[in-house]
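Listed in order, the protein sequences are those of chains A and S. Numbering of the first sequence is given in this note's numbering, commencing with residue 42 and proceeding in unit increments. Numbering of the second sequence is given in this note's numbering, commencing with residue 21 and proceeding in unit increments.
Be aware that one or more of the hints could be misleading.
[Stated by the list, open to error] Calculated cross-link-like contacts (lysine to aspartate or glutamate; reagent style EDC-like; alpha-carbon spacing at most 16 angstroms):
1. S:219 - S:54
2. A:90 - A:191
3. A:241 - S:67
4. A:233 - S:67
[Said to hold, decoys possible] Calculated Cβ distances over 12 angstroms to all of chain S for the following chain A residues:
5. 58
6. 72
7. 74
8. 111
9. 152
10. 192
11. 204
12. 237
13. 252
14. 280
15. 286
Keep in mind that the hints were calculated from the coordinates and are not lab data. Where is the CB? At the ideal position from N, CA and C, for every residue including glycine.
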Amino acid sequence: MKICVLVKEVPDAAVEKRMDPSTKRLDRSGEKNLNPFDTHAIEAAMQIKEGGAVDVDEIVAVTMGPESAVRALHKAVSLGADRSVHLTDPALAGSDVCATGYALAQVLKAESPDLVLLGQQSDDGECYTVGAVVADHLQMPSLTQVIKIDVQDGKLRCERQAEYGYDTVEVELPAVISVGDAINEPRYPSLKAIMGAKKKPLDTKSAADVGIDPSRVGEQGSRTAVLAINPPPAKEPGEIIEDEDTDETVQKIVSWLEERKLLA
Amino acid sequence: MHFDLTDEQRDIQRLVRDFADQEVRPVAAELDREHRFPYEIVAKLGELGLMGMPYPQEYGGGGTDNLSYAIAIEELARVDSSVAITVAAHTSLGTWPIYAFGSEEQRQRYLPDLCSGRKLWAFGLTEPEGGSDAGNVRTTARLEGGEWVIDGAKQFITNSGTDISGGVTITARTGEGEISNIIVERGTPGYTVEPPYRKMGWNASDTHPLAFDGCRVPEANLLGPRGQGFKQFLQTLDGGRIGVAALGVGLAQGALDEALAYAKERRAFGQPISKFQTIQAKLADLATEIEAARLLTYKAAILKDRKRPFTLTAAQAKLKTGRLAVRAAEEAVQIHGGYGYIEEYPVCRFYRDAKILTIGEGTDEVQQMVIARALGA
Numbered sequence: 042m043k044i045c046v047l048v049k050e051v052p053d054a055a056v057e058k059r060m061d062p063s064t065k066r067l068d069r070s071g072e073k074n075l076n077p078f079d080t081h082a083i084e085a086a087m088q089i090k091e092g093g094a095v096d097v098d099e100i101v102a103v104t105m106g107p108e109s110a111v112r113a114l115h116k117a118v119s120l121g122a123d124r125s126v127h128l129t130d131p132a133l134a135g136s137d138v139c140a141t142g143y144a145l146a147q148v149l150k151a152e153s154p155d156l157v158l159l160g161q162q163s164d165d166g167e168c169y170t171v172g173a174v175v176a177d178h179l180q181m182p183s184l185t186q187v188i189k190i191d192v193q194d195g196k197l198r199c200e201r202q203a204e205y206g207y208d209t210v211e212v213e214l215p216a217v218i219s220v221g222d223a224i225n226e227p228r229y230p231s232l233k234a235i236m237g238a239k240k241k242p243l244d245t246k247s248a249a250d251v252g253i254d255p256s257r258v259g260e261q262g263s264r265t266a267v268l269a270i271n272p273p274p275a276k277e278p279g280e281i282i283e284d285e286d287t288d289e290t291v292q293k294i295v296s297w298l299e300e301r302k303l304l305a
Numbered sequence: 021m022h023f024d025l026t027d028e029q030r031d032i033q034r035l036v037r038d039f040a041d042q043e044v045r046p047v048a049a050e051l052d053r054e055h056r057f058p059y060e061i062v063a064k065l066g067e068l069g070l071m072g073m074p075y076p077q078e079y080g081g082g083g084t085d086n087l088s089y090a091i092a093i094e095e096l097a098r099v100d101s102s103v104a105i106t107v108a109a110h111t112s113l114g115t116w117p118i119y120a121f122g123s124e125e126q127r128q129r130y131l132p133d134l135c136s137g138r139k140l141w142a143f144g145l146t147e148p149e150g151g152s153d154a155g156n157v158r159t160t161a162r163l164e165g166g167e168w169v170i171d172g173a174k175q176f177i178t179n180s181g182t183d184i185s186g187g188v189t190i191t192a193r194t195g196e197g198e199i200s201n202i203i204v205e206r207g208t209p210g211y212t213v214e215p216p217y218r219k220m221g222w223n224a225s226d227t228h229p230l231a232f233d234g235c236r237v238p239e240a241n242l243l244g245p246r247g248q249g250f251k252q253f254l255q256t257l258d259g260g261r262i263g264v265a266a267l268g269v270g271l272a273q274g275a276l277d278e279a280l281a282y283a284k285e286r287r288a289f290g291q292p293i294s295k296f297q298t299i300q301a302k303l304a305d306l307a308t309e310i311e312a313a314r315l316l317t318y319k320a321a322i323l324k325d326r327k328r329p330f331t332l333t334a335a336q337a338k339l340k341t342g343r344l345a346v347r348a349a350e351e352a353v354q355i356h357g358g359y360g361y362i363e364e365y366p367v368c369r370f371y372r373d374a375k376i377l378t379i380g381e382g383t384d385e386v387q388q389m390v391i392a393r394a395l396g397a
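Looking at chain A on its own, in the form it has when it is part of the complex:
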């Protein structure tokens, strides 16, 4: 089995995020890191490899992004990926979710993996949708927000986070699966893996290398445009319940929770 893991370089969680009013995009100038959700996807791939239920020949980390995104790939291989592919091309800058999904799918077609894993969301864009777009282009089944993967008879049995509880879904391979952060506890990269990350194979691909139609990517090729950005509305003040009679207070809290269907 060959597993491709889609990864993304995002602003570090410790950096306060800021929109750039001139470009209407996120200011990505500060310290960056591998998208935390993607570390769960790599860990999921590693656990499938180490689980022994199926032979995993290789785990390939794939990213699309500027030159600096190579750091996310180094991190990915230090966490266990065997090699990585970096799709980078000035023509891709400004791609929206659909264009990005198309471009990544082109890379994946060349790799023809049995399983594509990715974090369910990026820590910056938080669109939750790249996995589904990629799956559509590859004509593979797509599962999102997966919190458990078991390999059984060449198929995957997954638990998918639902609004209440979870759904158990069996899926045939090849498939595209986005995972939530509840799926596992990612390992730390070892010092040896960090020191050796640059020695693992890294292929750099241009848009033309993977047959990307230039009219379908970049700002021009994107079908969405950001018209305006606004700060989120101020948070409504909370409801304060004065504790006069504790029984009564508890009752009020319970009914407040029940109204919102927050009690199982």
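Starting from the known structure of chain A, arrange chain S on it as the hints suggest.
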């Protein structure tokens, strides 16, 4: 001159920062309170390759530079000094002399266990009657029938008495005006690890007095050429000072982190205390001093990496960071007010842990001596 870390250095910084936050922070107060050695943490650090960072991979080391190592110690000390000194003393004082002066046979015998953290090693220099005046060694070792017979005592020896302590390298007088370093394995008859000290801080680190009473070790346990012990321990201390300086930077940064977070939350007179100029001045001064001390420490590490003389810079870094750590911890307690005097807040532990940094690995007065000597005074 540029101030960018390499990709590897940044990844190591992030690894150790994450490790310290996730594995050390939740248990630091408890380990300190119970005076419990952090065995689980040391085992995990060993698995990640962080117990022998600056040694070649052929001996099981991490193959990193000294700057990466200093950064790792800094990140650990930002959260807990006991864990940081355990790693620093093991790496810079315990393992280094064996790596730098040991025979190939000695390296092969000891380094793989030490670099993996399966065993810890100690360095026995200080004696009951001689710390700063370390050349005044009273412990003796005389050759008798192909063995060194060691008599004497060592004081304040870190990592000497844990369940995984493999032994100690000691300085001993092997003749008139002659000091040599000798390897003594744990469990050698005549070598006694005395009960631990009751310390002001560093409570989760392991520190003991050692006694040698007719302790016999093979002649081959001599480290490097006979009579080179004085030169060897001075070189060992030079490198050790980089680790301890990094510890001071980390402690000071950790104290500032805590103070800043507290000041932004704590309200007085209708606003967070971080909005008062008196508090802001403290925070701003500390941040500035810490950055200066960090650069000095990194410079010492970089000089060592480039195989340039670093004795002066390491002494300056050690002097600067020890004092700063004490001051930063004090200011952090002050900003916390009464809560800073309560053990529930980490700054209380930081305050107790800081003081040793102006004493251990060469007192401030010894650093001043080293620096003045380098100036030609």
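Here's how the hints hold up against the structure:
Annotation: proposed proximity of residue 219 of chain S to residue 54 of chain S holds, straight-line Cα distance about 13 angstroms (limit 16 angstroms). Annotation: proposed proximity of residue 90 of chain A to residue 191 of chain A holds, straight-line Cα distance about 12 angstroms (limit 16 angstroms). Under the criterion of a C-alpha separation no larger than 16 angstroms, the hint pairing residue 241 of chain A with residue 67 of chain S is inconsistent with the structure, at around 21 angstroms. Distance check on the hinted pair: residue 233 of chain A and residue 67 of chain S sit about 10 angstroms apart at the alpha-carbon level, within 16 angstroms; holds.
Under the 12 angstroms C-beta cut-off, the non-interface status given to residue 58 of chain A relative to chain S holds; the minimum distance is some 19 angstroms. With a least CB separation of 9 angstroms from chain S, residue 72 of chain A falls inside the 12 angstroms interface cut-off, contrary to its annotation. Distance to chain S contradicts residue 74 of chain A as a non-interface residue, since its nearest Cβ pair spans about 7 angstroms, not more than 12 angstroms. Listed as a non-interface residue, residue 111 of chain A fails to keep its Cβ farther than 12 angstroms from every Cβ of chain S; the least gap is roughly 9 angstroms.
Here residue 152 of chain A stays apart from chain S, with its beta-carbon at least about 25 angstroms from theirs, past the 12 angstroms limit. In this structure residue 192 of chain A is separated from chain S by more than 12 angstroms, as the shortest Cβ-Cβ distance comes to about 26 angstroms. Separation of residue 204 of chain A from chain S is adequate, the least Cβ-Cβ distance of about 30 angstroms exceeding the 12 angstroms criterion. Against the 12 angstroms criterion, residue 237 of chain A falls within the reach of chain S, whose nearest CB is about 9 angstroms from its own CB.
Every beta carbon of chain S lies more than 12 angstroms from that of residue 252 of chain A, the smallest distance being close to 31 angstroms; the non-interface claim holds. Every CB of chain S lies more than 12 angstroms from the CB of residue 280 of chain A, the least distance being 23 angstroms, so the non-interface label holds. Every Cβ of chain S is farther than 12 angstroms from the Cβ of residue 286 of chain A; the closest lies at roughly 30 angstroms, confirming the non-interface assignment.
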